[in-house]
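Chain V: place on chain L using the hints.
Protein chains in written order, with this note's numbering: chain L, 9 to 122; chain V, 43 to 156.
Just so you know, the hints here were simulated from the structure itself, not pulled from any lab data.
Treat the hints with care, as some may be off.
[Unchecked claim] Some chain V residues close to chain L (C-beta under 7 Å, calculated; not the full set):
| # | residue |
| --- | --- |
| 1 | G82 |
| 2 | G84 |
| 3 | L85 |
| 4 | L87 |
| 5 | T144 |
| 6 | F147 |
| 7 | G148 |
| 8 | P149 |
| 9 | L153 |
Values in this document were obtained by computation on a predicted structure and should not be read as measured data.
Just so it is clear, CB atoms sit at the ideal spot from N, CA and C, and this is done for glycine as well.
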Amino acid sequence: AQSVTQPDIHITVSEGASLELRCNYSYGATPYLFWYVQSPGQGLQLLLKYFSGDTLVQGIKGFEAEFKRSQSSFNLRKPSVHWSDAAEYFCAVGPTHAGNMLTFGGGTRLMVKP
Amino acid sequence: NAGVTQTPKFRILKIGQSMTLQCTQDMNHNYMYWYRQDPGMGLKLIYYSVGAGITDKGEVPNGYNVSRSTTEDFPLRLELAAPSQTSVYFCASSYSSGLQETQYFGPGTRLLVL
Numbered sequence: 009a010q011s012v013t014q015p016d017i018h019i020t021v022s023e024g025a026s027l028e029l030r031c032n033y034s035y036g037a038t039p040y041l042f043w044y045v046q047s048p049g050q051g052l053q054l055l056l057k058y059f060s061g062d063t064l065v066q067g068i069k070g071f072e073a074e075f076k077r078s079q080s081s082f083n084l085r086k087p088s089v090h091w092s093d094a095a096e097y098f099c100a101v102g103p104t105h106a107g108n109m110l111t112f113g114g115g116t117r118l119m120v121k122p
Numbered sequence: 043n044a045g046v047t048q049t050p051k052f053r054i055l056k057i058g059q060s061m062t063l064q065c066t067q068d069m070n071h072n073y074m075y076w077y078r079q080d081p082g083m084g085l086k087l088i089y090y091s092v093g094a095g096i097t098d099k100g101e102v103p104n105g106y107n108v109s110r111s112t113t114e115d116f117p118l119r120l121e122l123a124a125p126s127q128t129s130v131y132f133c134a135s136s137y138s139s140g141l142q143e144t145q146y147f148g149p150g151t152r153l154l155v156l
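Isolated chain V (complex conformation):
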């Protein structure tokens, strides 16, 4: 049971490039989330999904896209990378939407846009 895994661990992008951050969970969780963590700012929710085929915007969705074709995978797409997207990205999952359910986090992807 690997929990939540994320790839890559670290990436440098040039402005305007695109990339996909991968997230996979093996706990059969319905809910998955993408957060970004900026220094001193805590985590902010980018997108979330309540199940395969269903996604919704969080607090800071601009510049990102997501899809959820399977229960296990929830990739995050950056289409035109900008320096403002330099951050650490965390994927998380939980069994249901209730806050009584613990969110399990992946180790993060550190992204630098130059």
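Chain L extracted, bound-state conformation:
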């Protein structure tokens, strides 16, 4: 069965610093990969997704992610973090054996220091 691991439960960075959130997956074929963000009191919002092609994917809000098949990773990056980026971030992979559904990681909570 597929799985998604986000090794860092909490990360704190200073405003203006760079950010990398880690995501490792286990999947038997070529996966579809996603990053979602959840701001406090809000639902999940899609940041970016990878299906095929260029392994560096650009998303909204200045985020990007790189698919590395050899490392089974899909890490999320941002060169300069803003205070408004404080949120919880979820990596997801699909499809599942049940169909076009997603398996989510446990999430990484990002805090931004002024």
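This is chain V only, laid out in the frame that chain L set:
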């Protein structure tokens, strides 16, 4: 265009009580989903629907029921609440089943069973 709305935002239930979590979307999406989010565990799919009158189980359906009488609404029913159902519940929708289609999430319902 409100997107996906959920009510209530927060509810406390006693063991054995029942309740319905409401979910409505105004995007004319065919697919709707219910997830639960437990701390550090990511989102798990409870039930999903591919259209009015059609529902199917996800990864963790036990203790829940759903119905889909209209395109817009997808309520989730808890018949006999148990402490294990304490969680945050998210409803989502998408236009089709393909993972190329973005899932749009509601703000969530926080449920506490005591």
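Point to revise | Minimum beta-carbon distance criterion (7 Å), L153 (chain V) to chain L | key: 15 Å, violated
Practice item. Report holds or violated for the interface hint on G84 (chain V), using the least CB-CB distance to chain L and a cut-off of 7 Å. Key: Because about 4 Å separates G84 (chain V) from the closest Cβ in chain L, which is inside the 7 Å limit, the hint holds.
Review point. Does the CB of F147 (chain V) sit less than 7 Å away from some CB of chain L?
Key: Holds: closest Cβ of chain L sits about 3 Å from F147 (chain V), inside 7 Å.
Point to revise | Minimum beta-carbon distance criterion (7 Å), T144 (chain V) to chain L | key: 5 Å, holds
Point to revise | Agreement of hint L87 (chain V) with chain L interface, Cβ distance less than 7 Å | key: With a closest approach of 5 Å, the L87 (chain V) hint holds.
Check your understanding: When the nearest CB of chain L is found for G82 (chain V), is that gap smaller than 7 Å?
Key -> At 5 Å from the nearest chain L Cβ, G82 (chain V) passes the 7 Å test, so the hint holds.
Review point. Any CB of chain L closer than 7 Å to the CB of G148 (chain V)?
Key: 5 Å, holds
Review point. Per the CB criterion, is L85 (chain V) less than 7 Å away from chain L?
Key: 4 Å, holds
Point to revise | Hint status (Cβ of P149 (chain V) to nearest Cβ of chain L, threshold 7 Å) | key: This hint holds: P149 (chain V) lies near chain L, its Cβ roughly 5 Å from the closest one there, short of 7 Å.
Hint compliance for this structure: hint 9 alone is broken.
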